[in-house]
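Heads up: the sequence shown runs through residues -32 to -1, 1 to 548, numbered per mature numbering (1 follows the signal peptide of the UniProt record, and there is no 0).
None of the hints are false.
Computed cross-link-like contacts, SDA-like style, restricted to lysine to any residue with a CA-CA straight-line distance of at most 20 Å:
| # | residue 1 | residue 2 |
| --- | --- | --- |
| 1 | K490 | G357 |
| 2 | K317 | V61 |
| 3 | K521 | L413 |
| 4 | K145 | R155 |
| 5 | K360 | K491 |
Worth flagging that the hints you see were computed from the coordinates, not collected in a lab.
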Amino acid sequence: MRPSSDLIQLSYMYLKTSFSLLLLVLSISSFAQNAPLQKVTDPYFKLVRPEFKGDLAYETVAFVEQYWRIAGNTGFNNTVYQIAVKLESAGYVLEEKATESDRFTYRIENREMRQPTWEPVSASLKIVGSNENLLSSETNRNMIYQYSSSTPIEGITGEVIYVENKDALSELEVTGKILFSDQVSYRTLQSAVKDKGALGVLTYDMPSYLQPEKNTTSIQFRGLRHDEKNPAWAIALSFEAKEKLKAELARGKVEVLVKAETKIYESEELTVVANVKGSDLPLESLVFSAHIQEPGANDNATGVGTQLEMAKITAELIKDKKLDLKRTLTFLWGDEIISTRRYIQEKDKRKAKINWGISLDMVGENTDVTGGTFLIEKMPDPSAIWTRGEDKHSEWGGSPMTVDQMKPHYLNDFILTNFEAQGEYADWVVKTNPFEGGSDHTPFLQADIPGLLLWHFTDQFYHTDNDRLDKVSQKTMVNVGTAALVSAYTLLNADSKTVNHLMSMIAAKAHIRLLTEVQLSKKAITEGGSKEDEQKILDTWADYYVKAMDSIKDLVPADDEKTLRRIVLAKESIKAHILQ
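Work out the full structure, taking the sequences as your base and the hints as a guide.
What follows is the structure, encoded as structure tokens:
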């Protein structure tokens, strides 16, 4: 016998009744049409929009994207120094020179690296007998594997041997040969270089979401492990180069000439930390982070540039007495995840507690060219367990989570509300994805700090050498930076009025989400789903919003008993919406 949908129908009716009471308690009207936060955020939007032009953001992208950047190399360090120059011109003072009265300060942290840094200088691949290069770093700067060593100046010439699978590798005579495969990974092939005397490796491996048959010249960057005792090199091929090489091999014996010049040297890792000291609660803070490493424009020169203009605008607004911030605002630029995690862990190097963390990664896409859309990757919520309805993972992908991994908090809906407001204003598409991880927001969450990611996906040029300035939109950076600043200013100046509007927002968002989930559960049951499973989904979402409402207490002074009681009442109203 198929499960009945009576329970879900009854829950649906009870949900509407209980939430009507809640909305009356919170004095919400037309919540679905008018964001409860609008009265608080509108003044900040009016303040920021005329100031955020995107010029500094775009100029910074143009500067940064010319370099192939990993921690410690020339491009990474020059980016750090450029950030410092722009911060100083905006009024930020080097910490060691700052006085107690300086609100805008910055520092450059330097640390020893566990291994040398690396940078490419030039590379080329030519089929012997051809007048033209099959590949050149002038047009494909990702062709040389990260941490490849240099060849002799004259290059290395060798016969190309195609490896069709792992088993075939053990049967081939590879000494003095150059291995090529579009089926076997570099890690499998490298043993033949190290142990059997192969000269080097040519590989092809392009994910389908990069549309290699369309973007035939793209190469996604690859890396090999640094091994000082066993230097090696490897070349990654574009679809076009792979097809040409396979066609030549089909005709007979093929030799290629490989030339590569790289630098491997000792260096130090640099991180930039800029602070705008809060006027009333300087020991509470919000942290924006943008990673410098990666060789692309969108990834992540756009995050670097957008965040730099955000820092500049903030200083100017405060100096012009148009803005004050009660809590401290921090901007962090460094090595992805590593710098952010270290900043969180090294509490002796910062005075302020971190209340919120927001990562800017790939925030300047011209989606007409790159594809994809702007996304807010949410803190773990039940959509990361049950991904259904309008919730969808990006092609980056994520593994299903469990209930005990949830991070209930108002930050998800708060950020989404503000970005949707900017989207409506600028005719800009804003979407979300369930938590997937892999960027600077992860260390915040691992440290139990509310944190989320601002980004774009799917970008058909992601991590490829076609991720250049022509794929960047200044307008997109303006939209992201504007909504990010408004969100930050609202939280940093949050007071009892803000708390009341946050409560209304969470109640409204809970109402909409739970109505949606009830409809999805009704449909699932009519299609043969388990009513117990569907009830668990509804209960989990209800519990999520109860705890999200409770998280607002972080903004309420301990002696504000009236507001704390209202939060308790709001929680109970959400909790009661579904019959157990």
